[in-house]
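Engineer: Residue numbers (the numbering used here), protein chains in the order written: chain A, 1 to 408; chain B, 409 to 816; chain C, 817 to 962; chain D, 963 to 1108.
Some hints here could point you the wrong way.
Mimicking DMTMM-like on lysine to aspartate or glutamate, the simulated pairs with C-alpha atoms at most 25 Å apart in a straight line are [to be verified]:
1) 782/B with 260/A
2) 810/B with 829/C
3) 454/B with 12/A
4) 374/A with 975/D
5) 161/A with 668/B
Honestly, the hints are just simulated from the structure, not real lab data.
Source: prediction; values computed, not measured.
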Amino acid sequence: MSINVNISHREDFPLLRDSNIVYLDNAATSQKPDCVIEAVEEFYHKHNANPLRGFYELAMLATEQLENSRTTVKEFINAKFEEEVIFTKGTTESINLIANSYGMNFLGEGDEILISIMEHHCNILPWQFVASKTGAVLKYLECDMDGLISDTAIEEAITDKTKIVAITQLSNVLGRENPIARITKTAHEHGAIVVMDAAQSVVHVKIDVQALDVDFMAFSGHKIMSPMGIGILYGKKELLNKMPPFLRGGEMIESVTRTDAVFAQLPYKFEAGTDNASGAVGLMAAINYINSIGMEYMHERTLMLTKMCFDAICKIPHIHIIGAKDSNNHNGIISFTIDNVHPHDVSQILSESNVCVRAGHHCAQPLCDFLGFKSCTRASFMFYNTQEDIDTFIKSLSGIRKMMGYGD
Amino acid sequence: MSINVNISHREDFPLLRDSNIVYLDNAATSQKPDCVIEAVEEFYHKHNANPLRGFYELAMLATEQLENSRTTVKEFINAKFEEEVIFTKGTTESINLIANSYGMNFLGEGDEILISIMEHHCNILPWQFVASKTGAVLKYLECDMDGLISDTAIEEAITDKTKIVAITQLSNVLGRENPIARITKTAHEHGAIVVMDAAQSVVHVKIDVQALDVDFMAFSGHKIMSPMGIGILYGKKELLNKMPPFLRGGEMIESVTRTDAVFAQLPYKFEAGTDNASGAVGLMAAINYINSIGMEYMHERTLMLTKMCFDAICKIPHIHIIGAKDSNNHNGIISFTIDNVHPHDVSQILSESNVCVRAGHHCAQPLCDFLGFKSCTRASFMFYNTQEDIDTFIKSLSGIRKMMGYGD
Amino acid sequence: METSNFYNEILTEHNIRPYHKHDMPDATFSLNGVNPSCGDDITLKLKVVDDVIEDASFIGDGCAISQASADIMADMVIGRSKEEALRLAEMFIRMIKGSVTNEEIDELEEAGALKDISHMPARVKCAVLGWHTLQEIFEKNEDANT
Amino acid sequence: METSNFYNEILTEHNIRPYHKHDMPDATFSLNGVNPSCGDDITLKLKVVDDVIEDASFIGDGCAISQASADIMADMVIGRSKEEALRLAEMFIRMIKGSVTNEEIDELEEAGALKDISHMPARVKCAVLGWHTLQEIFEKNEDANT
Ligand SMILES: Cc1ncc(COP(=O)(O)O)c(C=O)c1O
Ligand SMILES: Cc1ncc(COP(=O)(O)O)c(C=O)c1O
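Sequences are here, hints too, so could you generate the full structure?
Structural biologist: What follows is the structure in structure tokens.
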């Protein structure tokens, strides 16, 4: 695929179009195109009602929108059944749901939970909690300094004691794609299930839950250009069917008595309360937008931008990129440190040139500890970034040590 | 206050303005005024970033919007401290949070949880769950056929064994306001805490958590004209401080190691994951809109519409209104049955005249059982409804039995 | 969706004056079918002799659609073989999903009066409750009966 | 918010060439202060004799703002009484919250170079870390020391 760097998609994004912001914090959250914002608006103008509840036309329209979104997501991730797609408020809720509903009920003393060292806090803390409550042991799958999880590491870490492997498809610090299919294969051989955090990958990698054979998968809409407050949990039907509900309330029941309740079928069993239908509609619009631009094209463009930026940073003295040496293993994410300049100061100085990057531990403290730093600065790209964005960023970045009073 | 029935607020609501829909399902979800839809749009146009995370200007704007919304909510419910206001996705999540974090950790064998017979499923199922896990006993506080919970009932039901009283301020079937202050007083005398479900009341009653002295309170934005996917949990600081987190992940930690985590301060301890900032902004706009119209005015207008409708229904044979005989005790909610016509058929026939009402058990099956029916039809009003809405509704309602083949 | 057309005479008649809504002491099969979320609840009773449905009735309650549909079904399956009844059930369910031919609708006789349900997703469960229960009776008892 | 003005010479000098960033074996007080979410981490050391701060130093690391602010503070409080130091702390924190007079900023000497933090909510914690730790030392030891 040949990418023309001069074609810009910035025009589709009102926040970028109407400002000179150089938005390089895409791994934290993405900007939203007009079509997504308008889809939400249209829902409130034409279809707003409590979905799944009413017999009148408006309520049926709202329900239809919600279910169309479910179908769109099903196709986007290639799930086998609609009812394997559950709406949540985001990755964090999705993973907490798995931990509380599956982890708390199917793990016991001596069982092992394996997570990678590069997990986001939301794929660590729920498992620490499950371990503390069930007596299961939490273990870590480590990578090398390039961020690579080797086959040997996988073979050694997964044993017959392993019951759950929870791992991100793409680290939000390193940007490297993990060998999920390889992990699933080994995990399944040992009778373990695999939970994949797709929060970062969903915008870069074409996800196929059946090909990867993961048992659960989670992502947030806001990182793929959809509105905030909506996310997805995918789970294999046979697993979801045997799990108890997590949140309890309306919509997830068949019948309720004073002492007891019969739960509804999938997916509703896991969707207690009023569904965020407008969020679902926004997510559907975002996926349609992605499909119209082309996932592969988006990714190629991101890789090209990543490479330009990577190569330029390599030329600036005193800056150290974290993770892989090959920019193609960074998938739009470049984290780095600058000698003797704290990332918070880096981020603030860049902000002066309207460059938005993130600084800190990126909700991945165990990884930072493991790699030997407390915090770092991260620039992250999406296909709508431009060469100009990178030029501005690099220019500002080059002057930081000087501005902080260092000779070079 | 004198209300002019001819003044219409319909113009503020695009869905109503641009259609001939008679929207009488306000208790399920409200319509959204332009100012709320536009506030969300403006957020995505001008302030969209991951809040609470970045050091750049855009992220600070997003954070500021989120925190301004928190302050607006704090004032709206008269909480004492900002950090007592926690963003959730809705009432259902809020109550599940309380049940899982407070209920599961501070209740034991023989303790009693008291809920009213008129609770919404989301204020029943979480307590059934807590009871089944902790050995606590779930008891019911009953009302009379008019929906009144008497002082005697309160005195008898709350004992020294009672640890939690969970009750709705306004039933979504009966519309009657419960004597919360009275309940709180008795509960506190016996050392119990009170959880108030304000999902229905928040749009009708001016809530003052300090005056009511409730320990926890929950509501959903979507029922007070704000976007879907955002809700509030209020809790007294001293209680929230001693509770463990519910959802676990980013933003709710101070530091994380491989084996352990130190949790953040309030309110962040309970806000794991990316906050729905656009939802919070929409909620702020909705509250500002309410303040500009005037809560008292809104309520007076709703009561007037309720009375008009109530009186008209009373004149139609074979229709039975559920609950209080005085329309002033209905706060915009009129549930009813029609002899020999099933509510689902009622709702569908009304839908033919563009009248949107809800039919079913309204997520309150124990109440339906208690009052002796399986399901009913509910018309619910907000201040933006009009006399015309009621005329259309009554006209269509009057013809239903005939249409179904009955002589009268 | 014209509701006033929808609640036609066939439907309202079967609803308020059902022919087959009564108990059947000598039934060979009896099965309860419910739509928990709607509250529709029927118990279908069949008297089957040599794979032929000699009599059919139901008791229970629910919305007009569920009741009328069950009554129409009872009417149609009486005197038919198990196979014919199941073929009609399959056809009816397909009609509700919106994929039948006009000839098939004709074959469904009075049950064809429910064809507009295909545009009312919320009412589908009501319309098919009786037919589903019929299918279930024969599926559950397949072994016992062959 | 002009960052380039903000990272002025006073700040960068105190950051890269701090006068008081060193251990103090004969300290009478030592307290660790952290901003867990930022990673800022200092240990403040004071040598207090008869309620007068004879020496002040710190060790640790963090962003330029936290380090420079701690260094400036150490500079300012040496030779002052406990009361005077606490008065400056209170004034500094007020400045960061945006409510001081020009005279007070003057009185804060080099610490006044941090006044623009009032427009940077995310950096407030960094700027006040040293001063908060100072306050804490005296609060914790109030009983012991009077
Ligand atoms: C009294 C009451 N409580 C709770 C809820 C649940 O609200 P949500 O579905 O927004 O969580 C509702 C509305 O459905 C309600 O009426
Ligand atoms: C890898 C990864 N997992 C999970 C999350 C959490 O997503 P959210 O905050 O939307 O729940 C993030 C983003 O913050 C992430 O980068």
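Engineer: Each hint should be assessed against the structure and marked as holding or not.
Structural biologist: Hints and how they fare:
no., hint, in the structure
1, 782/B with 260/A, "holds, 17 Å"
2, 810/B with 829/C, "holds, 12 Å"
3, 454/B with 12/A, "holds, 14 Å"
4, 374/A with 975/D, "holds, 23 Å"
5, 161/A with 668/B, "holds, 22 Å"
Checked against the numbered hints listed earlier, the structure breaks none of them; every hint is satisfied.
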